[in-house]
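Participant: Take a look at the letters that make up each chain.
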Amino acid sequence: MLILDQLINALQLGSIYALVALGYSMVYGIIKLLNFAHGDVIMVGGYIAIFSLAAGHHPALAFFLIVFGCTLLAVVMEKLAYTPLRTAPRISVLITAIGISILLQNLAQFFFEARPLPLHIPLPTGSINIAGTTLAYTMIITIMASVLSMLALNFVVSRTRLGKAMRAVSEDGEAAQLMGINVNNVVTFTFAVGAALAGIGAILYFVRFPVVTPTVGAMLGLKAFIAAVLGGIGSIPGAMFGGFAIGILEVLVTAAGFSRWTDGAVFLVLIIVLLVRPTGLMGRKIVEKV
Amino acid sequence: MLNVKNMNVYYGNIYAIKDVSFDVNEGEIVTLIGSNGAGKSTILKTISGLLRSKTGSIAFLGETIENSASHAIVKRGLAHVPEGRRVFLQMSVQENLEMGHYTQPRITMNERIEDVYERFPRLKERYKQRAGTLSGGEQQMLAMGRALMSRPKLLMLDEPSMGLAPLLVDQIFEIIKELASLGVTILLVEQNAQMALSLANRGYVLETGKITLTDSAKNLLENDAVRRAYLGG
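Chains as they are written, first to last, in this note's numbering: chain A, 1 to 290; chain B, 1 to 233.
Hints were generated in silico from the structure; no laboratory data involved.
Cross-link-like lysine to any residue pairs, in silico, SDA-like; alpha carbons within 20 angstroms at most: (1) B/Lys128 <-> A/Arg159; (2) A/Lys32 <-> A/Arg86; (3) B/Lys75 <-> A/Leu162; (4) B/Lys128 <-> A/Gly163.
One side of the interface only, derived from the structure: several residues of chain B facing chain A at Cβ under 7 angstroms: (5) His71; (6) Phe88; (7) Gln90.
Just so we're clear, the structure is a prediction, and the values are computed from it rather than from any experiment.
Glycine included, every Cβ here is placed at the ideal spot set by N, Cα and C.
Just need the whole structure built from these sequences, with the hints factored in.
Facilitator: What follows is the structure, given as structure tokens:
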């Protein structure tokens, strides 16, 4: 069945976007920063994958190293570049984020050359047949891994002390400080969680698109950013929804025979959202405080 | 208990607090009164470390806190209920209380939540509701309950009566009195000078960032200048 086929395809792609969009949205929610270096974390995850697999590590260890490496990178980035700018104007922090993105891409090019490197993520191959539709194991694994990650995130945010502190800081940073919450720790934790999700997203992305280049994270990051804006930046359910919506849109446009226009369609969504409903579908209205 | 010496605070180029010094002794209710924009909230924010004074010192329980981070100051036993309540509207009543307990050992949390519910039964009825769905009076109770979760030695209250119906104002002041009788020292900032002075032991009058008058609350209530400026006659 063609429709079911395409739907699963869209869910696979969408779940990857959703995982990456979550990091964007959470960081924005907490310090109002569009972390444009977020996509490049995935690129770094790709190179970690290449080297740890080439070193003959067990796939499970390699996966761990990818997620851990991405998390560590984000924490270092936050501590070195963003913490000193905590009271700086938002535009300075935004420019810093773009700077870090360019820096990471150029460092990757310096160390690993611009040449695309193949990356084979070892997941079970093969497929099963359901109702006349062939489902590759990789698709099922991708969707399940994303859903599990999101459930885990939901648990952290709604049940744990740090997760609740995250929500408190994102709603009212000053009041959170008056509760005795160390905002810097919460911000670092948010970057770490967002990057861990991006690390998982990296693995799943390279399962589908098995090539690593220094700029591989740029377009993925941009699309995840659009997904986050569509869902309402700062909103966790919004980022999940936005990710799936962008995935479905891309697959639809491709299926309709306009595969060259998929990127264009996604950017068109950004333009429309910004014109019609800049707070996104699930975003809260921003009230400027006096 | 709290000693503020030569506090000078600027917002950019605006000179907001001009050489303010005052003390709060253990067991007292002290009030800062003054009109809108006199700098009352700014003083509280500076004490809790959200703003910095250019000069002088702030001591709490004999230790200087003027360079401490806000979260460290809370941990020492100084809680601040900010102006406008600032409860976490998207979080449930109970989660708000949990946040108030952030600096405390986890083991005491449930017991203290029960204590707060005992003091504010309305909050218990609504423990699962989002704080945003509460009325203004209930939000004020939540803001105070949340601050009490850290068992503060000094509680700073910024305009607790703001925007509340008279009956609720009475209720809130009754609670403040009760807390004081339990040994919590209170620094109360109010525009409602009548209420504040009838409750407090001592008061400071603040005008455009300067302390212009200080006396016992009783004397301030009878002071002609204060009556004219803040008590409507």
